[in-house]
Amino acid sequence: MAETLCLSDSDRSSSSDQSVPSRSNNRSLRIAEKERKKNEAEDSFVLALRYFSEGSSPCVRVLKCLIPASVVPQQAVVRAVVWLNVSKIPISTQVLFIKWVLTVFDLIDAKDQLRAIYGFIFSFITEENLCPYICHLLYLLTRKENVHLYRVRKLLELQSKLGRQPFLMHLLSLYKVFCPELVTLSIPSRIRSGFKNYISPWKSALVAVQKSNGQQVSSSISAAFTIKEKSISRKRKHCHLDLPALSSVLNKEPQSEQTSRRKMVPLVHLSSFAQMLKDMHRIELPAQMGSLLGSSLALQYLDCVQEESALLRLNFWLGCALHEEFLFCRQTSEEALQFLNNLLSAQHFLQEGFSSSDAFLYKFLNVWDGSLLRPQILGLLSNIPVIPSTQIGRLLFEPLTQLFFTSSMFFKCGLMECLNNMLLKWLTWHSVYALEDDLDISLNSHTSINITLSGFKDSVMELVHFVGRLASLGLQLEGCNTLLLSFILDFYETVCDTFLKFGLPLVVMPPPGVFYPALLATDPVSVDRLAYIMHRYKLNLTSAKSQEKQTEPQQAFHISRHTFRQFNHYLVFMVNCLWNCRMFHANTDMHVREELLHKSNVPQYWTRFDFIHHPAFTGYAVDFHQKCWPGKKDVDVNSIKQSKPWSWYLEYLFNQGFDGLKDFVHSSISRQVTAGDKLQDSQQR
Amino acid sequence: MDPLSESGMRTPHNGAVVQRRSKTRSYRQSYRSCLGTASRLGVTPALTARRLNASRRAAKPQNLADKVNPEHLALLVKAEWQLSYVTPLYQFRHTQLRSYSRQLAAFIVAEKQQGLAVEVSELHNSYRVSLSVVQGLTESEDDAETVLIQIHSKPMFARQDEPQRSVWSGWLTCVHGSPEYLRSLPKDFTCLPLFGSRGPEYLSRVVKSWFQKTFDCCFGSLEINHTSLQWFAALWTDCHSQSHIQHLRMLWTIPAAPPLQITYTVDPQDAWDLWNSVRKEATAAVTEDAASIDLEEVTGFLQALKSHFYRHFRLDLSAGTLQQVSTALGSAKSSGRIKMSNSRHVIATLTLLTECALLRMPI
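Chains A and B supply the protein sequences, listed in that same order. FYI, UniProt numbering numbers position 347 of the first sequence as 347, with every residue one higher than the one before it. FYI, UniProt numbering numbers position 197 of the second sequence as 197, with every residue one higher than the one before it.
Hints are computed from structural coordinates only; laboratory data are not their basis. Remember, predicted model here, so these are calculated numbers, not experimental data. Some clues are possibly wrong.
List time: in silico DSS-like cross-link candidates among lysine-lysine, alpha-carbon distance up to 30 Å [stated by the list, open to error]:
{"hint": "1", "chain 1": "B", "residue 1": "Lys208", "chain 2": "A", "residue 2": "Lys203"}
{"hint": "2", "chain 1": "B", "residue 1": "Lys333", "chain 2": "A", "residue 2": "Lys363"}
{"hint": "3", "chain 1": "B", "residue 1": "Lys280", "chain 2": "B", "residue 2": "Lys67"}
{"hint": "4", "chain 1": "A", "residue 1": "Lys203", "chain 2": "B", "residue 2": "Lys112"}
{"hint": "5", "chain 1": "B", "residue 1": "Lys78", "chain 2": "B", "residue 2": "Lys112"}
Examples of chain B residues toward chain A, derived with CB under 10 Å [claimed, not checked]:
{"hint": "6", "residue": "Glu71"}
{"hint": "7", "residue": "Ala74"}
{"hint": "8", "residue": "Phe215"}
{"hint": "9", "residue": "Asp216"}
{"hint": "10", "residue": "Met361"}
To be clear about the criterion: a stretch of chain B counts as covered by chain A if any three or more of its residues have a C-beta under 8 Å from a C-beta of chain A, and this derived list gives those stretches [said to hold, decoys possible]:
{"hint": "11", "stretch": "177 to 189"}
{"hint": "12", "stretch": "266 to 275"}
Every residue, glycine too, gets a C-beta built ideally from N, C-alpha and C.
Build out the structure end to end from the sequences listed, making use of the hints.
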């Protein structure tokens with residue numbers, strides 16, 4: 001055993017010289033890195049493989065789980081091969097081990113020592129069960145100097161015994177390639193399929209482990225470019241999902257005089273952001289633009305690149321991958337997930353979607369079942385740029401409506417979140433660019449498809465109304481589910497602030513189907529959030545109103561009377577309901593016949609939704625009552641109504657964290673003036 | 001190896017590049033960009049979906065032998081081709097074909113060697129690749145010239161003196177490509193959207209991968225859909241007066257258990273008569289020039305064939321899918337295989353297929 005392990009240094013260095021002819025620095029760096037990893041890995045591998053000497057059943061289980069994260073130290077493999085000779089190990093385990101070696105073969109850090117024991121490995125060939133796998137291993141290790149007449153004889157002898165087995169033929173054909181004079185046997189020019197000795201679950205586990213490892217490396221800042229190891233499986237089914245490797249252009253165009261004087265730096269050669277900044281003016285794009293998606297440094301460069309062709313190339317690649325893998329055949333594999341996640345993080349990084357992914361989504365939404373890769377698809381969807389109001393219905397609303405009403409509650413929530421993000425991005429985009437230029441953009445019309453400020457407003461309005469419709473019906477369908485309501489209120493938190501936060505002179509109120517369920521919700525959080533939203537609406541509207549007075553009439557953005565009326569209407573109802581105990585007051589749009597209310601036998605039905613009796617707050621009222629009058633046995637929450645306890649009670653509620661209510665009460669209810677007067681005031685606007 | 005001079009080849013450079021650059025981030029341009037005519041990160045999202053033409057000119061038989069090298073033509077019409085679509089090639093130059101040939105040959109050898117743990121010297125000279133231009137196979141001036149790729153090789157264990165023979169061939173073409181689409185591409189791109197190949201799958205793979213690496217393009221398989229197959233049936237039948245189609249044969253699969261395959265062969269004269277009966281202005285169409293065929297007529301023709309079948313066998317073919325159409329002029333399969341048997345109708349066939357390929361473009 002010890003002898004086989006003892007290799008002369010010269011032997012080792014000579015063979016490693018052969019395998020590394022003349023590569024760049026990258027290669028040596030990589031080797032150094034591997035060396036480090038190897039030392040870490042070696043102990044554990046040797047430990048694991050030591051089980052071989054025992055050969056019991058745990059050995060098999062350990063082997064099955066032996067998935068290398070980076071490289072397999074050659075030492076470990078050599079030792080294990082040597083242990084094979086100890087006859088204690090059952091033959092099935094031996095086979096399993098050789099299969100394991102074949103599976104991880106490409107990951108073995110060096111092959112020199114394995115080649116040195118070629119003869120030793122060859123001796124296993126007589127073992128019938130091992131033979132196919134040993135042949136495969138030998139096939140991978142064979143060099144010209146390994147081909148000897150006695151080995152050829154041995155193989156031929158085996159062939160006469162076992163018949164023309166493909167594994168023998170393969171090895172013999174390789175021998176023939178090296179030494180045609182030794183193998184006189186005629187070999188058919190095309191031997192059917194190669195060796196198939198690795199186990200596919202292993203292989204896929206291996207790929208997955210390696211892939212996730214690669215991910216970790218590339219996400220770290222220091223190693224912006226990871227040199228891609230040649231993937232083990234040569235023939236991939238989902239070829240479109242692999243990011244191409246970063247490589248420089250082969251066919252250099254004979255550039256014009258100017259550019260040829262500048263020495264170009266291929267993007268591959270850059271390793272840091274500082275370096276990129278230094279060479280910014282002479283960076284050469286890679287041969288395949290798709291490779292940029294894999295590295296954050298390249299994305300940084302892409303963000304500055306304004307070259308149309310480059311972006312077009314990237315979009316062709318991306319569009320093709322998306323179409324081929326997701327539109328023409330459905331994908332659910334780990335690779336597909338990884339691909340979309342990569343794409344999402346790239347888009348997130350650039351804060352912009354790719355037009356090819358938009359074009360893909362418009363088609364994909366029509367065939368999507370709403371569950372396939374849902375988070376990823378919704379993520380991509382939220383990056384869609386503004387669509388003109390004339391197209392938005394066909395491209396977005398029609399497919400989404402269908403999906404919304406035929407999918408689960410969780411899809412509904414997911415879609416609400418997605419549409420909220422979409423709106424946020426549109427508005428953010430508007431606020432950024434509106435600040436840069438002046439607002440007078442409607443004059444610009446040199447292309448027919450140009451969007452104007454009013455066009456943009458139309459699109460936003462369409463989106464908000466669309467979500468309003470979905471939300472009203474969704475709440476009905478799902479019985480006012482609290483979770484769904486929460487996502488809907490998220491959306492309206494964005495909508496209510498369009499003017500103040502994003503400078504877009506547009507205010508759209510929520511439909512009754514959203515307002516009333518939120519107001520009458522059984523959980524205090526929803527009511528609190530609605531109060532906050534109403535408070536923000538008020539600020540936005542007052543601010544818009546005052547600005548409208550200042551600006552020139554023709555330029556003025558006009559917020560329709562209807563919006564003010566609707567707001568006032570909601571406000572009156574809300575104050576009447578929570579504060580004034582006049583819930584079913586006339587001229588609200590909740591018309592319930594008097595007789596019906598009497599029939600319901602609810603005592604004092606008009607007070608049922610005030611701060612004390614509202615189902616969301618009764619618990620607080622009772623709690624407050626106990627704290628206020630600890631001795632009292634019978635709880636009469638109506639006693640809170642008195643002036644003093646009432647203000648204490650409000651204070652108590654605000655201390656519970658209901659800041660929305662606090663803002664709402666402070667801004668909309670003045671306790672000196674009656675609420676009604678105040679509202680008269682706002683209605684006059 | 002190709003005797004053709006390379007001077008006359010052209011890669012169409014169209015001056016009318018659509019203005020969709022956004023150099024600076026101004027509000028104005030961003031608004032536009034956001035809309036899709038241009039975005040910083042991409043161009044032209046398909047806000048309006050492209051569709052297959054609903055009407056096309058009747059296939060005028062063309063004597064291509066005058067325009068196209070007969071050797072090339074013979075190669076095109078002899079075989080059945082597996083089709084793919086290709087996104088536009090970046091910085092492809094028709095003048096560099098010789099250098100491309102060398103690179104591709106080297107690439108094939110390199111790929112071959114990856115399978116072996118050793119260097120095999122014999123491999124080095126075992127592949128000869130030639131890329132050449134098939135001149136004359138264009139219809140409009142936006143079309144780029146067709147490129148033919150041939151790979152010659154010797155079997156691995158062949159004798160020294162054995163001659164190399166053609167093992168794989170393929171072509172890239174664009175016939176009557178949509179001018180709007182072609183003109184919208186920047187001049188660095190050459191659009192040859194239709195790719196046909198014949199030969200071992202691994203060579204197709206290697207060739208595609210070389211094109212992908214060199215011209216930053218993508219390949220995808222091109223199936224011939226139901227509508228296109230119907231078009232082929234009609235277009236070929238329409239040619240019967242000029243060149244005898246022998247038969248109109250259609251292969252249908254019916255989703256029954258066990259699956260049912262139906263071969264439906266129609267007598268050429270009957271097909272011709274039926275076709276003429278569904279043609280609007282069948283009499284006026286004799287004037288040749290104005291002859292354009294509408295999708296309506298095509299579906300009408302197929303509907304008539306189906307109802308005829310139903311009368312005889314009580315089986316509605318509408319329930320099944322059309323898998324294959326063949327006549328003496330050629331055959332088309334839904335799996336994306338095409339055979340053009342008559343050189344006079346090559347252009348018409350390639351026009352339809354180019355259209356199919358352009359429809360598959362992601363943007």
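Hint by hint, here is what the structure shows:
1. B:Lys208 - A:Lys203: holds, 26 Å
2. B:Lys333 - A:Lys363: holds, 25 Å
3. B:Lys280 - B:Lys67: With Cα atoms ~33 Å apart, Lys280 (chain B) and Lys67 (chain B) exceed 30 Å; violated.
4. A:Lys203 - B:Lys112: holds, 22 Å
5. B:Lys78 - B:Lys112: Judged against 30 Å, a Cα distance of about 28 Å means the pair holds.
6. Glu71: Violated. Min distance 28 Å.
7. Ala74: It is violated, given that the least Cβ distance between Ala74 (chain B) and chain A is near 27 Å, above 10 Å.
8. Phe215: holds, 9 Å
9. Asp216: The hint holds - Asp216 (chain B) has a Cβ within 10 Å of chain A, the shortest such distance being about 5 Å.
10. Met361: Holds - the Cβ of Met361 (chain B) comes within 10 Å of chain A, reaching about 8 Å at its closest.
11. 177 to 189: holds (count 4)
12. 266 to 275: With 0 residues in contact (Cβ-Cβ under 8 Å with chain A), the coverage given for the stretch 266 to 275 of chain B is violated.
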